[in-house]
Every structure is written in C-alpha cells, then in structure tokens.
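Participant: Sequence:
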Amino acid sequence: VPCPAAEAGFVSLFNGKDLSGWEGDADLWRVEDGAITGQFREGQKLPFNKFIIWRGGVLRNFELRMLIRQTGNNSGIQYRSRELPQVGPFSVGGYQCDVHPNPPYNAQLYEERGRGIVALRGQKILMDDKGGKWLIGATGPVEPISNDEWHEFTVIARGNHLIHMIDGQVAMEVIDHDPVKRSLEGILAIQLHGGPPMKVQAKDIRLKVLPDGGLLSPSDFPVPPDAKKVEPPKPPAKKA
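Sequential numbering from 1 applies to the sequence shown in the working numbering.
Any given hint might turn out to be false.
[Stated by the list, open to error] Below, a list of computed lysine-lysine pairs in the DSS-like style, where the Cα atoms sit at most 27 Å apart:
no. : residue 1 : residue 2
1   : Lys181    : Lys17
2   : Lys45     : Lys124
3   : Lys124    : Lys228
4   : Lys181    : Lys229
5   : Lys130    : Lys203
6   : Lys124    : Lys17
7   : Lys130    : Lys229
8   : Lys181    : Lys208
9   : Lys45     : Lys130
10  : Lys229    : Lys17
11  : Lys234    : Lys130
12  : Lys203    : Lys45
13  : Lys45     : Lys181
14  : Lys181    : Lys234
15  : Lys124    : Lys181
16  : Lys228    : Lys181
17  : Lys199    : Lys17
18  : Lys130    : Lys199
[Stated by the list, open to error] Derived CB-CB ranges, DEER-like:
no. : residue 1 : residue 2 : range
19  : Asp148    : Phe48     : 21 to 27 Å
20  : Gly116    : Asp212    : 34 to 40 Å
21  : Gly116    : Val11     : 16 to 22 Å
22  : Gly195    : Ser146    : 17 to 23 Å
23  : Arg30     : Phe221    : 25 to 31 Å
Think of the hints as simulated: they come from the structure by calculation, not from any bench. Note that this is a predicted model, so its numbers are computed, not measured. Just so you know, even glycine gets a beta-carbon here, dropped at the ideal spot from N, CA and C.
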C-alpha cells in the first residue's frame with residue numbers, strides 16, 4: 001500500500017492516535033493498533049446498526065481509500081448518507097460499500113435502510129429512472145479474501161456513477177438514474193453491525209475531493225439493448 005503522503009490530492013481523515021473529527025458511541029469505538037476500532041462483545045446487544053460518523057463535512061464527488069480488517073458478522077463504509085435520529089443516535093442510512101465475509105457481498109453496493117442490495121460484487125448495474133434494475137456487465141471474478149487481514153477498500157463517486165474496489169481491483173460499478181432513491185451528497189461513516197459479536201478496524205483513511213458535476217442522464221447512458229432486467233426477489237409464500 002503506498003504511503004498516503006505520496007498520493008497526490010489525498011488528505012488524511014484520521015490521525016491514527018485519537019478519534020478527533022469522528023463521533024460515535026464511546027462504549028463501542030476506540031483507537032487500537034493505530035486504527036479506528038469498533039467492537040461489541042458477547043452479552044452486548046445493539047438495538048440497531050450503529051456508526052461512527054466523520055464530522056468533516058458533506059461529501060459529493062470524491063475518491064475514498066482506507067485499509068479495513070473485520071472479524072465476526074459484517075461492517076461497511078457509508079457514504080453520501082444521512083443520519084436517522086428517529087431510529088436512534090448514530091443510526092445512518094444510504095449508500096454503503098459492504099465489508100462482508102460472504103464474497104458476493106464483499107464490496108457490494110448496499111443501501112442501508114433503503115433499497116437493500118443494489119449491486120453485488122462482480123456486477124455492473126444500471127438503475128433506471130423508474131427504479132428498475134438492469135445488469136449491464138461484469139467486473140471480473142468474485143474471489144474470497146480473508147477479511148481478518150488488512151485490505152484496501154476504495155469508493156469512487158462522480159455524479160451518479162459509483163465504483164467500489166478491493167485492493168485496486170474493481171468490485172462493482174453502478175449508474176444510478178433513479179431521481180427519487182439516489183443520493184448525490186451526504187455524510188461518511190463506518191458501520192458496527194448488530195447481531196453476533198464483531199470487530200472492525202479502519203486506518204490510512206484518505207480522501208480526494210473531485211470536481212462537481214458528472215451527472216449522467218438516461219439519454220447520456222441509456223439501458224443497453226443487451227441488458228438483463230433484474231427482478232426483485234419474490235416475497236415468501238404465506239403459510240396456509
């Protein structure tokens with residue numbers, strides 16, 4: 001991994017020593033091993049997924065890189081997101097680059113408290129302006145990685161074009177034409193997922209702000225003729 005100082009245009013969002021610039025539940029977040037560390041243990045319960053939020057401002061177009069390792073359950077990088085005080089403190093909804101032990105879910109685009117899975121790892125997806133989902137291509141093989149080791153996750157957001165990467169390889173790509181559901185700006189946060197005990201660590205967090213613009217219209221990037229419609233999963237059948 002290159003030295004952050006050597007990456008032109010990137011600024012560090014974490015000093016490696018304390019949580020300056022970040023805000024989360026003090027019972028869940030600390031600095032350990034020079035990394036932002038979120039953890040809850042056996043016997044602890046989360047009433048909902050909780051996040052540590054970067055308080056440095058609203059993100060629009062950007063490239064974000066960070067090293068992450070995770071054990072137990074799953075985590076994620078929220079971006080262009082919003083706080084949800086009606087759910088509870090440090091609840092966040094919006095776009096998420098998932099950090100997940102299941103390979104197709106790792107670095108997928110998941111919309112927390114929204115549309116759910118938008119694009120699995122390995123997929124190129126177009127969301128049309130009526131909310132329909134179209135598979136328009138593939139990004140490459142979906143190979144398992146060991147999430148308990150450090151890996152670099154990258155998020156690139158320009159207009160309504162979103163790219164997630166793991167260790168420099170494109171994991172998924174989305175064009176989001178849905179004017180109601182998409183997000184063009186919002187906050188950055190890291191997830192601590194409810195359920196089984198888990199631990200997530202993030203370090204070398206670097207941000208490069210990109211110029212505004214880049215919004216693709218449906219006429220700029222229409223549904224390709226060979227695209228495959230992705231139907232939503234059917235609800236489970238009711239018991240007689």
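Participant: Can you give the numbers of the hints that this structure goes against, from lowest to highest?
Facilitator: Hints 1, 2, 5, 6, 9, 10, 13, 18, 20, 21, 23 not satisfied by this model.
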